[in-house]
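There are 2 protein chains.
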Amino acid sequence: MGFSFDLIDTDETGTGRIGKLTLSRGEVLTPAFMPVGTRATVKTVSPEEVWDLGYRLILANAYHLYLRPGHDLVEKMGGLHRFMNWPGSLLTDSGGFQVFSLARLRSIAEEGVLFQSHIDGTQHMFTPELSMEVQESLGADIMMCLDDVKGYPASRTEARDALLRTTRWARRCKAAKKRVDPGLFGIVQGSMFSDMRRLSAEGLVSLELDGYAVGGLSVGEPRDVMLEMIEVTVPLLPPSAPRYVMGVGKPQDILDGVLRGVDLFDCVLPTRNARNGMLFTSRGSLNIRNARHRDDPGPVDPNCACPLCRSYSRAYLRHLFSEKEIFGLRLATIHNLHFYGELMDRIREAIKKKQLHRFVKAFVASMEELE
Amino acid sequence: MGFSFDLIDTDETGTGRIGKLTLSRGEVLTPAFMPVGTRATVKTVSPEEVWDLGYRLILANAYHLYLRPGHDLVEKMGGLHRFMNWPGSLLTDSGGFQVFSLARLRSIAEEGVLFQSHIDGTQHMFTPELSMEVQESLGADIMMCLDDVKGYPASRTEARDALLRTTRWARRCKAAKKRVDPGLFGIVQGSMFSDMRRLSAEGLVSLELDGYAVGGLSVGEPRDVMLEMIEVTVPLLPPSAPRYVMGVGKPQDILDGVLRGVDLFDCVLPTRNARNGMLFTSRGSLNIRNARHRDDPGPVDPNCACPLCRSYSRAYLRHLFSEKEIFGLRLATIHNLHFYGELMDRIREAIKKKQLHRFVKAFVASMEELE
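Top to bottom, those sequences are chains A and B.
Per the working numbering, the first sequence runs over residues 45 to 415.
Per the working numbering, the second sequence runs over residues 45 to 415.
Treat the hints as calculated values from the structure; they're not laboratory data.
Cβ atoms here follow ideal geometry from the backbone N, Cα and C, with glycine treated the same way.
Heads up, a few of these hints could be off.
[Stated by the list, open to error] Within a straight-line C-alpha distance of at most 20 Å, the following computed EDC-like cross-link-like pairs (lysine to aspartate or glutamate) qualify:
{"id": "1", "chain 1": "B", "residue 1": "LYS368", "chain 2": "A", "residue 2": "ASP340"}
{"id": "2", "chain 1": "A", "residue 1": "LYS368", "chain 2": "B", "residue 2": "GLU369"}
{"id": "3", "chain 1": "B", "residue 1": "LYS120", "chain 2": "A", "residue 2": "ASP340"}
{"id": "4", "chain 1": "A", "residue 1": "LYS120", "chain 2": "B", "residue 2": "ASP254"}
{"id": "5", "chain 1": "A", "residue 1": "LYS294", "chain 2": "A", "residue 2": "GLU412"}
{"id": "6", "chain 1": "A", "residue 1": "LYS87", "chain 2": "B", "residue 2": "GLU367"}
{"id": "7", "chain 1": "B", "residue 1": "LYS368", "chain 2": "B", "residue 2": "GLU386"}
{"id": "8", "chain 1": "B", "residue 1": "LYS218", "chain 2": "B", "residue 2": "GLU246"}
{"id": "9", "chain 1": "B", "residue 1": "LYS87", "chain 2": "A", "residue 2": "GLU367"}
{"id": "10", "chain 1": "B", "residue 1": "LYS218", "chain 2": "B", "residue 2": "GLU173"}
{"id": "11", "chain 1": "B", "residue 1": "LYS87", "chain 2": "A", "residue 2": "GLU393"}
{"id": "12", "chain 1": "B", "residue 1": "LYS398", "chain 2": "B", "residue 2": "GLU386"}
{"id": "13", "chain 1": "B", "residue 1": "LYS87", "chain 2": "A", "residue 2": "ASP254"}
{"id": "14", "chain 1": "A", "residue 1": "LYS87", "chain 2": "B", "residue 2": "GLU93"}
{"id": "15", "chain 1": "A", "residue 1": "LYS120", "chain 2": "B", "residue 2": "ASP340"}
{"id": "16", "chain 1": "B", "residue 1": "LYS120", "chain 2": "A", "residue 2": "ASP339"}
{"id": "17", "chain 1": "A", "residue 1": "LYS87", "chain 2": "B", "residue 2": "GLU386"}
[To be verified] Computed footprint of chain A on chain B, listed as stretches where at least three residues anywhere in the stretch have a Cβ under 8 Å from a Cβ of chain A:
{"id": "18", "segment": "287-298"}
{"id": "19", "segment": "337-346"}
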């Protein structure tokens, strides 16, 4: 069964939408948030825990898995799903963003991007063809085209060069793709220039890809600029294809994305913040390391039904963090992923009820900063 | 429901035995191994995982919990079972061994032991009365009398002074005990001198305690000396009471203890080794970090039915360890605790079948060192 996307419903304005991704390993309702499983594991939690939290689609990083343990090894072990024992679907990113953000001594040419591993300094060349090979070896259900990511701020010339190269690379990705089942998404670039975003979107859409990401965001630009770029880009994309904002973000950012017609999100925020003791709650975020939780017998969030909040006190979680006990990282991660999963459930429900804007307003109002 | 112990069966020689501990929170079949939950968590695993592995009794450390988060806090939070969400039973050690092995600047007087916290250098005094107060605050189902532990080697005079003090302290512990339900165990000392062990055992047995531990072992003495001390001590203890060898040990040590009539064991070995990548298998131990596991699609132990061996390859576990991914520590810990749990199951089965010695021989023969 190959990739497909069906639009199911829209919000009261017709912009926010509910969709259904059909992938080889099952269906995924959108708007959806994807937990990040960078190195073949969503940090600190088991695949069963991710599944039990309701997630059916997670992200893995081609760049990391290419370097270690190697995509060839993962393929030999039966592919990434089997390797990491994940029964759901997988989206792999192309490696473009990691080369930009992690690797050293890059030089970008038409052929591809030359970089040094952030682990051992060995030199590697990512081409569109290799990116496809890596992602197909991993066995991704959704693959991303290799893109040329620029930092912020970038000049118009830099932005133009990078987006045009990204479009040419996307054409090569589509040509290099061998497996029929997975979906292939293009990544709209163009830095913070509306006309460049248009140029990028038009080029990619002409390639008739399976979905489109808004890339090159969360690279240091102000929040309103990020939202403007999403707002400018989404209407240029075909309504029949899923839209994905990469690396975003905070609950508020996700809400703002959904209001603008975005279907897919991924971010390390819920998992990384959990490991730092930062927990999302229905009334804002709190840091469990704070001394005021020391003898608090109550749950992290009385309105939360996650395994942490059902069975453990703030005092216990704080104790685990104080003692650097690994089990605390897991409990916090489960809680934050539950928070994000429930947020997406409630977003879909609000769209269905044609009350998305009302829901967003109420949600934001309830999220007073706790600390 | 208070503490009781029933002898159910013995092996073909009448020495190795099956028993049943009845505690406030349920029954525990012996010989039993107790995973160590030092700081209100069995490192890297959840209480549900420990329970699902078949364990019903785990150990927690009075010393650690007294220092952080404080036994008073744990009591305020509803006791240790509730604090850590453990539905099974808890044995707490007295703190004597940790003061000996971890704390600084001790001075031992008749009143108690003065020590400096290994965490922040603050000064504390453990008396038999305080040890009981701490263990009762935690809500232990089995409590240990405070003991005076000596290093190896110790002189006869040192050993004698320490064991006599341990007996006097045990009398004070029994007098200070307020709660009726928990069992109270004495700890036989006497260093590596058989006559001192006898003196210690006789003194403690005259106090009619609920169980007896052989303490002061695993302090650096040769293995055959340790076994000799167990062999000398156990026959001096009433058959109707459970016998516990503290801090032991390797599978072979447990087998040797059971052959000599020991009922209870605890050790950090399965959990600590797991975190170092050392896994117990039916054919000996292996280190998953070893390069030869890099592309091995097989399970850690083909004869093992644990969650790790059922669903993950050696290649994947090695990848997790190489990448320092926390999930690997959990999988390895679950595997080793499963190995120990199954070992105890098979020991009880062999006793029941009057084939304990044959089982031990076969088990030892199968445990060729893999690496």
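* In ascending order, which of the hints set out earlier in this document are inconsistent with the structure? -> 1, 4, 7, 11, 13, 17, 18
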